[in-house]
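Visitor: Next come the chains, spelled out residue by residue.
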Amino acid sequence: GNSVTQMEGPVTLSEEAFLTINCTYTATGYPSLFWYVQYPGEGLQLLLKATKADDKGSNKGFEATYRKETTSFHLEKGSVQVSDSAVYFCALLTGNQFYFGTGTSLTVIP
Amino acid sequence: DAGVTQSPTHLIKTRGQHVTLRCSPISGHKSVSWYQQVLGQGPQFIFQYYEKEERGRGNFPDRFSARQFPNYSSELNVNALLLGDSALYLCASSLGARGENQPQHFGDGTRLSIL
Numbered sequence: 043g044n045s046v047t048q049m050e051g052p053v054t055l056s057e058e059a060f061l062t063i064n065c066t067y068t069a070t071g072y073p074s075l076f077w078y079v080q081y082p083g084e085g086l087q088l089l090l091k092a093t094k095a096d097d098k099g100s101n102k103g104f105e106a107t108y109r110k111e112t113t114s115f116h117l118e119k120g121s122v123q124v125s126d127s128a129v130y131f132c133a134l135l136t137g138n139q140f141y142f143g144t145g146t147s148l149t150v151i152p
Numbered sequence: 564d565a566g567v568t569q570s571p572t573h574l575i576k577t578r579g580q581h582v583t584l585r586c587s588p589i590s591g592h593k594s595v596s597w598y599q600q601v602l603g604q605g606p607q608f609i610f611q612y613y614e615k616e617e618r619g620r621g622n623f624p625d626r627f628s629a630r631q632f633p634n635y636s637s638e639l640n641v642n643a644l645l646l647g648d649s650a651l652y653l654c655a656s657s658l659g660a661r662g663e664n665q666p667q668h669f670g671d672g673t674r675l676s677i678l
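Chains E and H are the protein sequences, given in the same order. Under our numbering, the first residue of the first sequence is numbered 43, with each subsequent residue one higher. Under our numbering, the first residue of the second sequence is numbered 564, with each subsequent residue one higher.
Honestly, the hints are just simulated from the structure, not real lab data. Mixed in with the good hints, there may be bad ones.
[To be verified] Under the rule of at most 20 Å between Cα atoms (straight-line distance), these lysine to any residue pairs were calculated in the SDA-like manner:
1. H:Lys615 / E:Gly137
2. H:Lys593 / E:Lys98
3. E:Lys98 / E:Gly120
Given the structure is predicted, the values throughout are model-derived calculations rather than measurements.
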């Protein structure tokens with residue numbers, strides 16, 4: 043079947059620290075992979091995506107590389123800001139259906 | 564341009580009642596998908612509609628139904644509400660039926676509470 047596993051949170055970092063949120067997946071076929079971010083009281087916003095193996099998605103200083111050999115799509119950012127505090131969801135898309143991980147809450151403290 | 568809009572933003576119902584949630588996609592988007600997000604979990608796929616036809620269905624009981632109108636807006640209906648239906652219901656729209664290169668844009672959701 044299809045599923046996504048994310049590292050459990052919550053994650054608390056100091057401003058300017060390095061961020062890694064791990065994501066691994068199980069999928070039939072060749073899925074596209076996504077990271078979405080959810081701020082309190084809001085819906086999900088697309089952060090970045092990768093549609094095939096070895097693609098790197100990047101946006102707002104965040105990046106993730108589609109690794110087929112390790113079935114992973116880890117999210118990284120070199121220097122987090124307080125405004126990055128949110129819940130981050132890893133997701134895969136196969137066919138017409140998205141499968142989301144359970145989310146990782148990130149809090150960045152000044 | 565307006566994003567995906569959902570109504571109402573909050574709703575309180577009791578067990579056994581029926582509820583209708585509404586979604587208007589981004590202008591020009593023809594695909595609408597519905598998701599249920601239980602507190603502390605990731606969204607779970609319920610339905611996808613494209614050009615008024617159901618294109619995908621998640622693992623939800625028949626109490627859940629949906630439809631899409633000629634203007635591409637959509638309704639999600641849930642009958643015989645259970646306490647476990649309490650969740651944030653998210654609507655997402657995209658240009659076409661397949662999303663690999665067409666990211667889904669999410670609304671802010673409808674918070675449904677069942678008493």
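Visitor: Is the hinted pair Lys615 of chain H and Gly137 of chain E satisfied, with a Cα-Cα distance of at most 20 Å?
Guide: 18 Å, holds
Visitor: With a cut-off of 20 Å on the C-alpha distance, tell me whether Lys98 of chain E and Gly120 of chain E pass.
Guide: Between Lys98 of chain E and Gly120 of chain E the Cα gap is close to 15 Å, so the pair holds against 20 Å.
Visitor: Does the alpha-carbon distance linking Lys593 of chain H and Lys98 of chain E stay inside the 20 Å limit?
Guide: 28 Å, violated
In summary, the structure is inconsistent with hint 2 from the numbered list given earlier, while agreeing with all the others.
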